[in-house]
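J.: Read top to bottom, the protein sequences are chains A, B, C, D, E, F, G and H.
1 is the number of the first residue of the first sequence in our numbering; add one for each residue after it.
1 is the number of the first residue of the second sequence in our numbering; add one for each residue after it.
1 is the number of the first residue of the third sequence in our numbering; add one for each residue after it.
1 is the number of the first residue of the fourth sequence in our numbering; add one for each residue after it.
1 is the number of the first residue of the fifth sequence in our numbering; add one for each residue after it.
1 is the number of the first residue of the sixth sequence in our numbering; add one for each residue after it.
1 is the number of the first residue of the seventh sequence in our numbering; add one for each residue after it.
1 is the number of the first residue of the eighth sequence in our numbering; add one for each residue after it.
Among the hints, erroneous ones may be present.
[Said to hold, decoys possible] Pairs of lysine-lysine, PhoX-like flavour, derived with a Cα cap of 25 Å:
| hint | chain 1 | residue 1 | chain 2 | residue 2 |
| --- | --- | --- | --- | --- |
| 1 | D | 143 | A | 140 |
| 2 | B | 140 | F | 143 |
| 3 | A | 62 | B | 44 |
| 4 | E | 140 | G | 44 |
| 5 | D | 62 | C | 143 |
| 6 | F | 44 | F | 123 |
| 7 | F | 62 | E | 140 |
| 8 | E | 123 | E | 44 |
| 9 | B | 143 | A | 44 |
| 10 | G | 62 | G | 140 |
| 11 | E | 143 | F | 143 |
| 12 | F | 123 | E | 44 |
| 13 | A | 62 | B | 143 |
| 14 | G | 143 | H | 140 |
| 15 | H | 44 | C | 123 |
| 16 | G | 44 | H | 140 |
| 17 | H | 62 | G | 143 |
| 18 | C | 143 | D | 44 |
| 19 | B | 44 | A | 140 |
| 20 | A | 123 | D | 123 |
| 21 | G | 140 | H | 62 |
| 22 | B | 62 | F | 123 |
| 23 | H | 62 | H | 143 |
| 24 | H | 123 | G | 44 |
| 25 | H | 44 | G | 62 |
| 26 | H | 143 | G | 62 |
| 27 | C | 140 | D | 44 |
| 28 | C | 140 | D | 123 |
| 29 | F | 143 | F | 62 |
| 30 | D | 123 | C | 44 |
| 31 | E | 143 | F | 123 |
| 32 | C | 143 | D | 143 |
Simulated from the structure, these hints should not be mistaken for lab results.
There are 8 protein chains.
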Amino acid sequence: MPNSILDPLDYEIVRELQEDGRRAFREVARNLSVPEATVRTRVKRLQDQGILQILAFTNPSKLGQAKLALFFVSVAPQDHDRVVDTLGRWSEVSYLSTTLGSADVCVQVLCRDDESLWALQQKVRSLPGVEEVRVMQEVKVHKIRFTIPTVQSTEE
Amino acid sequence: MPNSILDPLDYEIVRELQEDGRRAFREVARNLSVPEATVRTRVKRLQDQGILQILAFTNPSKLGQAKLALFFVSVAPQDHDRVVDTLGRWSEVSYLSTTLGSADVCVQVLCRDDESLWALQQKVRSLPGVEEVRVMQEVKVHKIRFTIPTVQSTEE
Amino acid sequence: MPNSILDPLDYEIVRELQEDGRRAFREVARNLSVPEATVRTRVKRLQDQGILQILAFTNPSKLGQAKLALFFVSVAPQDHDRVVDTLGRWSEVSYLSTTLGSADVCVQVLCRDDESLWALQQKVRSLPGVEEVRVMQEVKVHKIRFTIPTVQSTEE
Amino acid sequence: MPNSILDPLDYEIVRELQEDGRRAFREVARNLSVPEATVRTRVKRLQDQGILQILAFTNPSKLGQAKLALFFVSVAPQDHDRVVDTLGRWSEVSYLSTTLGSADVCVQVLCRDDESLWALQQKVRSLPGVEEVRVMQEVKVHKIRFTIPTVQSTEE
Amino acid sequence: MPNSILDPLDYEIVRELQEDGRRAFREVARNLSVPEATVRTRVKRLQDQGILQILAFTNPSKLGQAKLALFFVSVAPQDHDRVVDTLGRWSEVSYLSTTLGSADVCVQVLCRDDESLWALQQKVRSLPGVEEVRVMQEVKVHKIRFTIPTVQSTEE
Amino acid sequence: MPNSILDPLDYEIVRELQEDGRRAFREVARNLSVPEATVRTRVKRLQDQGILQILAFTNPSKLGQAKLALFFVSVAPQDHDRVVDTLGRWSEVSYLSTTLGSADVCVQVLCRDDESLWALQQKVRSLPGVEEVRVMQEVKVHKIRFTIPTVQSTEE
Amino acid sequence: MPNSILDPLDYEIVRELQEDGRRAFREVARNLSVPEATVRTRVKRLQDQGILQILAFTNPSKLGQAKLALFFVSVAPQDHDRVVDTLGRWSEVSYLSTTLGSADVCVQVLCRDDESLWALQQKVRSLPGVEEVRVMQEVKVHKIRFTIPTVQSTEE
Amino acid sequence: MPNSILDPLDYEIVRELQEDGRRAFREVARNLSVPEATVRTRVKRLQDQGILQILAFTNPSKLGQAKLALFFVSVAPQDHDRVVDTLGRWSEVSYLSTTLGSADVCVQVLCRDDESLWALQQKVRSLPGVEEVRVMQEVKVHKIRFTIPTVQSTEE
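Just need the whole structure built from these sequences, with the hints factored in.
T.: Structural data, given as structure tokens:
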């Protein structure tokens with residue numbers, strides 16, 4: 001059992017959905033030999049608790065004009081929460097996390113072109129408390145697939 | 001129309017799924033006033049072309065022990081494709097992209113604890129062609145939601 | 001056709017002038033089998049639109065005392081436009097662009113000697129909004145020749 | 001007189017062409033009160049000596065798709081001349097100089113899109129003797145105009 | 001209970017010794033209302049398991065000539081264990097840990113003077129697998145006292 | 001004699017305690033052929049002068065949840081003493097020194113988990129005068145043992 | 001003739017003194033076949049013009065306790081002259097120059113020990129306009145001898 | 001007495017010469033009330049021991065063309081002595097020291113112009129064992145005067 005928040009059945013259900021986010025609950029239920037209602041109830045609970053999200057991801061490398069980039073943002077400590085709150089509401093922001101290391105916040109943005117990327121960077125730098133923004137462009141996305149770490153890692 | 005690969009209907013369908021990755025095709029069809037079969041066919045085609053993915057994301061900040069981190073990897077040019085290929089097959093890797101800037105490859109990994117994170121970093125550094133690995137830990141994920149950039153950005 | 005702003009004939013005319021900026025319009029017209037007046041009109045229009053410039057470049061490596069250097073300038077976002085405007089009016093500035101990455105503005109300057117280079121750097125640093133200036137001296141210019149990118153790159 | 005290679009008349013002629021690279025020799029001659037043949041001969045000599053070049057520059061900011069970027073390349077000393085020679089023959093390279101400071105060679109390139117920019121960077125990194133390539137994208141060119149430094153700088 | 005390896009009594013005993021490393025077992029036993037033999041047995045077990053060490057620390061700031069410095073060492077992954085093993089046997093090394101971030105190994109050394117510090121740095125750099133050594137001198141030690149983190153941190 | 005503050009007997013006593021911090025004074029006295037009272041008096045004096053400390057160190061690598069990290073803190077000169085004073089009183093701080101080089105203060109902290117480590121970093125950054133905090137996590141402690149440098153180093 | 005400020009005889013005299021700063025004027029005169037008074041007058045003039053200095057240098061590597069270090073100081077442009085003026089009056093400062101690159105002022109200092117080096121660094125950082133001070137310690141001086149560059153360098 | 005190698009009289013003599021490197025021994029002797037022969041003997045001994053040097057320094061800022069620069073050289077440990085030995089024999093090298101920090105060797109060079117500075121940098125980089133050379137140009141020398149640190153610093 002990988003962690004105390006998910007019980008073994010939660011864990012199996014999540015694994016099924018990580019293989020295919022739209023797998024029918026009926027199929028998940030059959031695969032795990034539990035009633036469909038159980039699957040439905042558990043997924044609902046995990047979503048309500050913010051543990052599980054079912055996301056539609058469009059690969060920018062496959063779309064003509066869309067540009068994907070990472071912003072690494074240094075923020076004064078007292079402004080961290082407000083900056084995160086602001087960035088989280090921008091439609092261009094596809095991913096947002098608090099980091100520990102050479103930056104405080106990692107932001108992934110999806111823009112139309114170089115000029116809107118530059119404008120967005122200027123806009124982030126203008127937020128009160130933002131001290132520095134470093135930009136890293138993403139040329140191609142190769143994989144996006146989340147998997148809960150298991151007790152016995154598959155890496156060995 | 002934001003780009004030439006998605007036609008306006010494709011675009012509307014993707015938008016519906018970006019709001020809720022498991023929204024029933026029937027509901028999408030009703031919202032867009034098209035037959036359900038059209039939605040189903042188009043989603044199938046976008047998935048087959050690698051443009052659209054429906055993902056289950058479990059938030060590590062909500063799970064007790066899981067550690068999320070970003071590796072920024074510098075790779076010799078002739079080894080780039082092979083390194084990407086290798087990393088893409090590891091179960092700990094949740095996200096993988098080719099970048100332009102201070103690193104060549106951006107890898108997001110999900111591990112059980114500090115020691116497996118360290119072991120994974122050592123493993124990446126041992127891949128032939130890898131010149132440097134910088135690590136940035138992610139303490140909390142605030143947002144994960146992809147949206148196709150529109151012609152009229154909402155940022156103004 | 002490399003881009004939608006230049007039509008194929010514009011493109012051919014520009015190519016002729018990129019080979020020799022003073023090539024007679026008569027010769028360009030003959031090479032492309034179009035009337036001389038067409039060439040003249042089109043060049044005039046491209047220049048008026050700011051797309052084409054015919055420049056005289058004197059190679060500092062061939063002149064005794066002249067020093068060429070690049071300044072990489074970090075500017076606060078709200079001061080970007082004003083700094084660009086100011087630098088653009090200085091006679092020592094031979095090239096000026098907005099950049100995305102480890103600096104915000106790239107400035108090429110041409111000075112008489114080390115001391116005026118130093119004085120110029122101090123002057124840039126004193127502009128309101130300028131946060132940092134990094135200097136890179138250019139010892140020798142090997143090539144200066146702009147070519148519009150083609151659809152089929154010559155690099156393969 | 002700014003330097004010993006150009007005599008005062010050379011200097012005046014260059015100044016005329018820096019105002020307009022295609023100014024007719026007749027007009028230059030009239031402005032400077034010298035015979036047209038003198039202007040023609042002197043310009044020819046300065047071009048033959050590699051001191052003067054008349055260039056056609058197309059502004060990438062005005063062209064839809066073209067991407068302009070600077071590569072800062074570190075090269076092992078024994079490979080410097082060969083790398084410069086190779087880069088100078090590539091059609092994507094619009095500017096090439098030897099620098100003193102945090103890089104050895106500065107290369108400006110003009111590409112069609114992000115993917116060809118990335119491919120070009122990989123190609124530069126693969127040249128024997130190249131140790132590092134840093135990339136800085138140029139979003140907008142504001143000025144390109146070379147002026148010989150005068151004895152009395154206009155900066156005071 | 002802060003962690004599962006130490007039970008509450010272990011934890012209390014360690015706390016007593018963290019206040020004074022030479023506190024008599026009799027006094028510890030009296031403070032915690034347990035038999036002295038229990039204290040003795042438990043301390044012995046914790047020492048045997050490598051969990052607890054009683055250290056004599058001499059403050060270099062109080063000694064005339066001794067120099068204290070930190071070395072941050074980058075090591076190739078396949079050489080990590082051997083380098084750690086070698087450094088751990090040197091008498092000048094007072095502290096040695098594996099780190100995650102901008103270095104792989106952190107080494108604290110205690111030398112007689114600048115010249116032996118320099119010689120030691122050269123010696124570390126000469127170890128096979130060592131890629132880089134950065135040095136940070138310590139001018140004055142203000143505190144050295146380890147405390148097990150509690151469930152309710154005192155920091156709030 | 002390594003330095004003028006410790007006389008040869010002090011030095012021998014310290015050496016005995018560096019081998020085992022709880023070695024009985026009787027045993028030290030016997031090993032050095034001096035009266036036990038002499039050992040006791042001298043150790044007392046060295047401790048009172050702040051030269052010698054007997055420390056209990058619990059190895060975080062052996063404890064489940066405890067996280068050890070180094071903070072490298074840049075502090076404005078006028079705030080140095082106050083910052084050192086504040087940090088020295090925090091229970092999470094296990095080691096604190098003034099450094100010369102790329103930081104001003106080196107702080108070792110011991111926390112329960114990633115989130116309290118991040119909170120502690122934010123707290124340090126919020127102290128008046130603190131300009132920057134860099135974090136380096138320690139994954140495993142291999143050695144902790146202080147030894148006074150001898151006149152004849154054992155390193156040759 | 002290497003430069004226009006020194007005539008060939010000045011140049012020969014300086015060369016003689018660069019071999020031995022205390023060489024008697026009589027010996028210099030004899031070596032160069034000119035009257036001693038000429039040598040004396042010329043040396044006096046070069047010293048009065050600040051071109052020539054005869055310095056006594058004591059090698060810190062040969063003296064027990066003295067510590068030599070370089071400070072690289074970043075200074076706000078408007079404070080440069082005042083900072084240089086202040087530093088130039090400090091007795092610990094043995095060398096002071098204005099630099100172009102990653103710092104603005106280079107200062108060599110000679111201190112008694114680590115603690116006075118640290119105090120001096122803090123003192124420099126406290127000067128108004130000083131933005132950053134980086135320290136590099138000098139362990140051993142191998143050569144100190146200035147030679148005017150000749151037209152034909154001896155390096156080929 | 002500042003250090004044990006110079007006795008108080010040595011120290012006073014050195015101080016006299018640091019004020020004026022060519023001060024007559026007779027004058028030094030009179031100032032210190034000792035026989036001239038004593039001064040002469042002691043200066044001779046200090047010079048023979050490599051403790052004292054009398055140097056002629058020509059200020060490059062006062063000479064038209066001469067360029068002064070600092071090279072910070074990283075050298076593999078096993079090549080350090082040979083590199084120092086080689087650099088010490090070059091006529092362009094005016095100062096050479098072994099450093100501890102972000103470089104291993106600090107070299108001051110005096111060149112005729114930018115091109116010979118660049119050539120010299122390339123030559124240093126080509127020496128076996130040299131890993132990196134960073135260049136810092138010196139625009140103006142403000143002070144050069146060495147003073148032995150006293151017991152009571154004048155800085156307080």
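J.: Hints first: check each against the structure and report whether it holds.
T.: Verification of the hints:
{"no.": "1", "hint": "D:143 with A:140", "verdict": "violated (33 Å)"}
{"no.": "2", "hint": "B:140 with F:143", "verdict": "violated (33 Å)"}
{"no.": "3", "hint": "A:62 with B:44", "verdict": "holds (16 Å)"}
{"no.": "4", "hint": "E:140 with G:44", "verdict": "violated (49 Å)"}
{"no.": "5", "hint": "D:62 with C:143", "verdict": "holds (23 Å)"}
{"no.": "6", "hint": "F:44 with F:123", "verdict": "violated (37 Å)"}
{"no.": "7", "hint": "F:62 with E:140", "verdict": "violated (29 Å)"}
{"no.": "8", "hint": "E:123 with E:44", "verdict": "violated (37 Å)"}
{"no.": "9", "hint": "B:143 with A:44", "verdict": "holds (19 Å)"}
{"no.": "10", "hint": "G:62 with G:140", "verdict": "holds (9 Å)"}
{"no.": "11", "hint": "E:143 with F:143", "verdict": "holds (19 Å)"}
{"no.": "12", "hint": "F:123 with E:44", "verdict": "violated (37 Å)"}
{"no.": "13", "hint": "A:62 with B:143", "verdict": "holds (23 Å)"}
{"no.": "14", "hint": "G:143 with H:140", "verdict": "holds (21 Å)"}
{"no.": "15", "hint": "H:44 with C:123", "verdict": "violated (50 Å)"}
{"no.": "16", "hint": "G:44 with H:140", "verdict": "holds (22 Å)"}
{"no.": "17", "hint": "H:62 with G:143", "verdict": "holds (23 Å)"}
{"no.": "18", "hint": "C:143 with D:44", "verdict": "holds (19 Å)"}
{"no.": "19", "hint": "B:44 with A:140", "verdict": "holds (22 Å)"}
{"no.": "20", "hint": "A:123 with D:123", "verdict": "violated (34 Å)"}
{"no.": "21", "hint": "G:140 with H:62", "verdict": "violated (29 Å)"}
{"no.": "22", "hint": "B:62 with F:123", "verdict": "holds (23 Å)"}
{"no.": "23", "hint": "H:62 with H:143", "verdict": "holds (13 Å)"}
{"no.": "24", "hint": "H:123 with G:44", "verdict": "violated (37 Å)"}
{"no.": "25", "hint": "H:44 with G:62", "verdict": "holds (16 Å)"}
{"no.": "26", "hint": "H:143 with G:62", "verdict": "holds (23 Å)"}
{"no.": "27", "hint": "C:140 with D:44", "verdict": "holds (22 Å)"}
{"no.": "28", "hint": "C:140 with D:123", "verdict": "holds (23 Å)"}
{"no.": "29", "hint": "F:143 with F:62", "verdict": "holds (13 Å)"}
{"no.": "30", "hint": "D:123 with C:44", "verdict": "violated (37 Å)"}
{"no.": "31", "hint": "E:143 with F:123", "verdict": "holds (19 Å)"}
{"no.": "32", "hint": "C:143 with D:143", "verdict": "holds (19 Å)"}
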